[in-house]
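*Asks:* Work out the full structure: start from the sequences and follow the hints.
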Amino acid sequence: MTSWPVYLDYAATTPVDPDVARAMSACLSDAEAFGNPASRLHAFGRAAEARVEQARGQVAALIGAVADDIIWTSGATEADNLAVIGAARYRSGVGRHVVTALTEHPAVLDACGYLERNGFTVTRLAPDAGGIIDPAVVEAALTPETVLVSIMHVNNEIGVIQDIAAIGAVCRARDVLFHVDAAQSAAHLPVDVMVQSIDLASLSAQKMYGPKGIGALYLNRDRIRRVEPLMFGGGQERGLRPGTVPTHQVVGMGEACRIVAGRRTKDATRISALRDRLWTGIGALPGVLRNGDPERCVAHILNVSVTGVEGESLHLALHDLAVSAGSACTTLDDAPSAVLRSLGRSDQLARASVRFSLGRPTTAADIDRAIATFHGAVGHLRAIAPSAGIALA
Amino acid sequence: MNQYSALVMRHFTEPRHVGTLADGYDQILIGRAGQREQGTEVVFHLGIKGGQIAAVRFQAFGCPHTIAACSLVAERLTGAPVEAQGEIRPADLVAELAAPAAKMGRFLVIEDALRRGLAAWDNRRLGRQ
Numbered sequence: 001m002t003s004w005p006v007y008l009d010y011a012a013t014t015p016v017d018p019d020v021a022r023a024m025s026a027c028l029s030d031a032e033a034f035g036n037p038a039s040r041l042h043a044f045g046r047a048a049e050a051r052v053e054q055a056r057g058q059v060a061a062l063i064g065a066v067a068d069d070i071i072w073t074s075g076a077t078e079a080d081n082l083a084v085i086g087a088a089r090y091r092s093g094v095g096r097h098v099v100t101a102l103t104e105h106p107a108v109l110d111a112c113g114y115l116e117r118n119g120f121t122v123t124r125l126a127p128d129a130g131g132i133i134d135p136a137v138v139e140a141a142l143t144p145e146t147v148l149v150s151i152m153h154v155n156n157e158i159g160v161i162q163d164i165a166a167i168g169a170v171c172r173a174r175d176v177l178f179h180v181d182a183a184q185s186a187a188h189l190p191v192d193v194m195v196q197s198i199d200l201a202s203l204s205a206q207k208m209y210g211p212k213g214i215g216a217l218y219l220n221r222d223r224i225r226r227v228e229p230l231m232f233g234g235g236q237e238r239g240l241r242p243g244t245v246p247t248h249q250v251v252g253m254g255e256a257c258r259i260v261a262g263r264r265t266k267d268a269t270r271i272s273a274l275r276d277r278l279w280t281g282i283g284a285l286p287g288v289l290r291n292g293d294p295e296r297c298v299a300h301i302l303n304v305s306v307t308g309v310e311g312e313s314l315h316l317a318l319h320d321l322a323v324s325a326g327s328a329c330t331t332l333d334d335a336p337s338a339v340l341r342s343l344g345r346s347d348q349l350a351r352a353s354v355r356f357s358l359g360r361p362t363t364a365a366d367i368d369r370a371i372a373t374f375h376g377a378v379g380h381l382r383a384i385a386p387s388a389g390i391a392l393a
Numbered sequence: 001m002n003q004y005s006a007l008v009m010r011h012f013t014e015p016r017h018v019g020t021l022a023d024g025y026d027q028i029l030i031g032r033a034g035q036r037e038q039g040t041e042v043v044f045h046l047g048i049k050g051g052q053i054a055a056v057r058f059q060a061f062g063c064p065h066t067i068a069a070c071s072l073v074a075e076r077l078t079g080a081p082v083e084a085q086g087e088i089r090p091a092d093l094v095a096e097l098a099a100p101a102a103k104m105g106r107f108l109v110i111e112d113a114l115r116r117g118l119a120a121w122d123n124r125r126l127g128r129q
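These protein sequence lines are chains A and B, in that order. Anchor point for the first sequence: position 35 equals 35 in this note's numbering, and the numbering is continuous, going up by one each time. Anchor point for the second sequence: position 31 equals 31 in this note's numbering, and the numbering is continuous, going up by one each time.
Calculated from the structure, these hints are not laboratory results. Treat the hints with care, as some may be off.
[What the hints assert, rightly or not] Partial list, computed: chain A residues near chain B (C-beta under 8 Å):
(1) L230
(2) E310
(3) E312
(4) S313
(5) Q348
(6) A383
(7) I384
(8) A385
(9) P386
[What the hints assert, rightly or not] Restraint-style ranges between C-beta atoms, simulated for each label pair:
(10) B/Q3 with A/P18: 26 to 36 Å
(11) B/L7 with A/S387: 40 to 50 Å
(12) A/G233 with B/M104: 46 to 56 Å
(13) B/P100 with A/A169: 46 to 56 Å
(14) A/T265 with B/M104: 16 to 26 Å
(15) B/T13 with A/R341: 24 to 34 Å
(16) B/R10 with A/A50: 37 to 47 Å
(17) B/M104 with A/L102: 51 to 61 Å
(18) B/L108 with A/Y114: 36 to 46 Å
If you're wondering where the values come from, they're calculated on a predicted model, not measured in any experiment. Here a beta-carbon is modelled for each residue, glycine too, at the ideal position from N, C-alpha and C.
*Replies:* See the structure below:
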């Protein structure tokens with residue numbers, strides 16, 4: 001490889017912030033930090049525990065929660081599983097109905113599928129053509145049996161922002177638990193679990209310039225005292241998520257949250273302008289369609305479908321750009337994006353889609369290179385294809 | 001990029017013989033197969049002179065292996081006897097391009113297009129048109 005591609009896949013994962021890496025490294029090298037945070041009988045354990053609890057407070061502060069309501073997990077996937085399966089099982093005496101959306105992350109959808117195979121009923125709501133889930137549609141789906149609603153804040157493929165506060169209010173009024181996958185939003189948008197009436201929220205460090213392998217579940221203990229654990233074998237995290245807490249990982253996540261809190265608004269303004277520059281550049285080509293409601297889109301994501309080109313060839317022709325087809329989580333199989341299909345896109349358009357996602361290191365020069373590469377790739381493939389006209393939709 | 005062989009990359013990045021043929025030949029055979037909605041559509045134009053394939057042009061909507069295979073086939077058929085288009089074997093293309101077995105269906109579309117071109121030749125030769 002002569003040069004590295006332009007990285008525009010920050011929704012898949014972000015690089016680790018140097019300050020985060022330093023904080024983590026200190027945990028690994030400081031002589032007094034290696035203790036097991038659960039070993040409260042001696043100073044080594046208590047020193048580690050102090051760092052873990054400081055990090056817990058930093059994560060809680062980012063979302064307007066109290067530290068005691070944060071449970072460490074291995075990432076957002078585990079947090080989603082623990083929230084959906086754990087909360088539904090815990091409330092199964094009240095009812096066995098769960099509401100979610102077709103556009104949710106597989107970590108939620110597959111957890112719902114598991115519940116379905118184990119005696120629960122699941123309603124999967126369809127979004128409108130822009131990817132929005134109407135709070136009134138959520139309300140209409142609730143039954144006396146409904147125990148949980150799970151709707152993500154920002155869609156990982158198309159970047160659409162759901163009206164979480166409105167959906168939260170609907171759930172609160174009906175005394176239904178509300179889980180929000182905030183993995184894709186917390187680094188870019190304000191998340192306030194109190195204002196938005198969120199009962200459970202999933203977070204991921206690796207989407208906010210923290211390390212991979214660590215995430216958190218927020219659990220509003222005023223609304224749900226506990227969830228049914230998915231793992232057994234220790235009393236850590238109040239028995240909800242047993243296993244030795246990895247001090248360096250959680251310290252990294254805490255530091256990442258602290259940094260995000262200080263610069264989120266400024267970052268979003270800059271990144272949003274770069275995203276608009278990208279759309280202006282690639283949207284100038286005929287037959288390039290933006291996926292998701294542009295008025296309700298997070299700053300860092302731009303998802304487009306392209307007419308007149310085949311998906312796999314488009315992605316190969318774009319090899320000078322590190323981007324995703326759909327989400328990074330789904331590119332391992334050949335199926336067209338279920339999210340784009342749920343918006344009404346054809347198989348061809350769902351396959352010939354590109355998710356650009358920008359981050360803190362992205363520059364205007366990166367965007368201009370991406371625009372030029374995109375024009376070149378689409379032009380190359382359309383020149384090869386039998387002429388069929390370039391449909392605009 | 002390592003799921004694509006060097007040969008695929010070469011023909012995908014710089015495909016040979018892209019386009020159509022209009023005139024200047026004894027006959028131009030056109031073979032079309034596949035559907036864009038199904039992910040693969042290919043068209044071959046073969047310019048025949050004195051029983052030889054004097055020129056080949058192709059157009060393709062498809063995956064990188066499809067585009068590379070069309071380019072390779074076009075290169076190979078140029079200067080060959082007309083009947084050679086019936087001797088292109090999808091299994092040989094899969095092997096030569098180191099394509100995944102799952103791509104066989106795409107190469108069958110290429111074979112279909114070439115057979116249709118050959119059928120047009122046979123029809124003309126046998127006075128069926």
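*Asks:* Hint by hint, say whether it matches the structure.
*Replies:* Taking the hints in turn, this is what the structure says about them:
Against a cut-off of 8 Å between C-beta atoms, the interface hint on A/L230 is violated, since the closest Cβ of chain B lies about 35 Å away. The beta carbon of A/E310 is positioned within 8 Å of a beta carbon in chain B (closest approach about 5 Å), and the interface hint is therefore held. Checking A/E312 against chain B: minimum C-beta separation of about 4 Å stays under 8 Å; hint holds. With 8 Å as the threshold, the beta carbon of A/S313 comes within range of chain B, its nearest partner Cβ sitting at about 5 Å, so the hint holds.
Given hint, A/Q348 at the interface with chain B, holds; its Cβ is 6 Å from that chain's nearest Cβ, closer than 8 Å. For A/A383, the shortest C-beta to C-beta distance to chain B is roughly 7 Å, which falls under 8 Å, so the interface hint holds. Hint on A/I384 holds. Least Cβ distance to chain B is approximately 5 Å, under the 8 Å limit. With 8 Å as the threshold, the beta carbon of A/A385 comes within range of chain B, its nearest partner Cβ sitting at about 4 Å, so the hint holds.
Using the Cβ-Cβ criterion of 8 Å, the hint placing A/P386 at the interface with chain B is satisfied: the shortest such distance is roughly 4 Å. Distance hint check: the CB atoms of B/Q3 and A/P18 are about 34 Å apart, consistent with the given range 26 to 36 Å. Judged by the Cβ atoms, the range 40 to 50 Å given for B/L7 and A/S387 is violated: they are separated by roughly 27 Å. In this structure the supplied range 46 to 56 Å holds for A/G233 paired with B/M104, their Cβ-Cβ distance being about 48 Å.
Restraint check, B/P100 to A/A169: a C-beta distance of roughly 50 Å satisfies the suggested window 46 to 56 Å. In this structure the hint that A/T265 and B/M104 lie 16 to 26 Å apart at CB is violated, the actual value being about 53 Å. Taken as a hint, the range 24 to 34 Å holds for the pair B/T13 and A/R341, whose Cβ atoms sit roughly 30 Å apart. The supplied range of 37 to 47 Å is broken by B/R10 and A/A50, whose beta-carbon atoms lie about 59 Å from each other.
Checking the proposed 51 to 61 Å range against B/M104 and A/L102 shows it is violated: the Cβ atoms sit about 32 Å from each other. Between B/L108 and A/Y114 the beta carbon distance is about 39 Å. The supplied range of 36 to 46 Å therefore holds.
Going through the hint list in order, the structure does not satisfy hints 1, 11, 14, 16, 17.
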